[in-house]
Every structure is written in C-alpha cells, then in structure tokens.
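Between the sequences and the hints, there should be enough to build the whole structure, so can you do that?
Protein chains: 2
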Amino acid sequence: MLVLITYDVSTVSSAGQRRLRRVSKVCQNYGQRVQNSVFECVVDAAQFATLKLKLMDIIDPDQDSLRFYQLGNNYKNKVEHIGVKESLDLEGPLIL
Amino acid sequence: MLVLITYDVSTVSSAGQRRLRRVSKVCQNYGQRVQNSVFECVVDAAQFATLKLKLMDIIDPDQDSLRFYQLGNNYKNKVEHIGVKESLDLEGPLIL
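Here the protein sequences come in this chain order: A and B.
So the first sequence is numbered by our numbering: it starts at 30 and just counts up by one.
So the second sequence is numbered by our numbering: it starts at 30 and just counts up by one.
Calculated from the structure, these hints are not laboratory results.
Be careful, since some hints might not be right.
Since the list can't tell identical chains apart, any single copy or any two copies may satisfy a pair.
[Stated by the list, open to error] Within a straight-line C-alpha distance of at most 25 Å, the following computed SDA-like cross-link-like pairs (lysine to any residue) qualify: (1) K81 / Q57; (2) K114 / P90; (3) K83 / N102; (4) K54 / N102; (5) K105 / V41; (6) K105 / P90; (7) K83 / G45; (8) K54 / M30; (9) K54 / D73.
Below is the structure:
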C-alpha cells in the first residue's frame with residue numbers, strides 16, 4: 030500500500046536539519062521524496078510498522094510533527110501533481 | 030471526502046511567502062492546516078474541482094509543487110499523527 034508521510038520540522042537548527050535528513054534517508058528506503066517534507070512509501074503492514082518505529086526514534090516529538098496517511102493499494106488515480114516535479118534543493122538548508 | 034494538499038514553495042522570497050499565505054487561506058475555507066505546508070480539506074467533487082482551480086491560480090508552476098491526495102470518505106482510521114499538533118509559527122517566515 031502507499032503511505033504518505035509528511036514531516037514538519039524546524040530546520041533553523043542544525044539538529045532539525047539532521048533529523049530531516051535522517052527521516053528522508055529512512056523513507057527513501059521504502060519510496061521517494063516528492064516534496065521537501067513529503068515522502069511516498071510503498072509498504073506492506075509489517076514494513077509500515079517498522080518504518081513508523083524507525084521514524085519515531087528519529088524525530089523529536091516535542092518539536093516535530095509527523096503524519097501518516099494510508100492510501101491503500103489502488104492509489105494511482107488518487108494522486109495528482111501540479112507544478113515543478115521535485116524540490117530544487119533537497120540536500121541544502123531545506124527552507125521551504 | 031478528505032483531500033490532502035501538500036504545497037512546496039520557496040519562502041525565501043516574499044512572493045513565495047505571499048503565495049503560501051494565499052494557499053493557506055483558500056485551503057482553510059475547506060478544512061485545516063495540519064503542518065506548515067500540509068492542508069486537510071473536506072470537500073465534495075465539485076468543491077474539489079473549484080479548490081484546485083483556485084490553487085492553480087495562486088501558485089507559480091515553474092517554482093512551486095502542489096500535490097493532491099484523495100483519501101475518500103472513510104479517512105479517520107487512515108490518518109495518524111505523532112509529535113506536536115500544530116506548527117509553532119504558522120504566520121511567521123514559515124521556515125520548516
């Protein structure tokens with residue numbers, strides 16, 4: 030199934046930037062980054078559970094916000110895109 | 030149905046900040062902002078079409094990225110949240 034992961038972190042601090050990089054790395058093992066803080070991961074139920082645990086271990090729950098949206102298996106007609114395809118500067122200061 | 034809208038814009042420029050504020054205002058007529066650049070809107074098909082047109086009119090397709098995810102009507106058990114509930118500074122410089 031497709032799981033959409035959105036992650037809100039303050040990247041003003043280098044610790045925040047580091048957390049975003051780590052979240053991105055973990056998510057990219059399961060899918061792709063579609064916006065600076067939006068990841069689409071294709072996982073089964075067990076992988077989803079593992080992925081959640083990994084991400085919960087990275088983020089700071091007092092500062093960051095992490096959301097998961099399950100889009101099921103027939104997700105292709107549920108997703109639409111407008112505008113530029115990728116973030117311009119994914120590994121930069123990540124100001125968006 | 031629930032439509033998730035994610036919006037990637039460079040807010041380094043004041044024009045980008047202005048576009049994000051305008052996107053936020055439009056989306057908040059249909060739902061709520063759940064992260065700095067993530068909006069959850071509850072709409073029917075006609076409202077969704079109108080909303081899309083309004084947003085396409087605001088964004089700069091050469092610089093910004095806008096994505097729509099349709100989560101259907103039974104969305105409550107498809108959404109999970111971890112961490113802080115709202116962005117700390119929604120109307121500030123919107124660096125995330």
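Numbers of the earlier hints that this structure fails to satisfy, in rising order: 5
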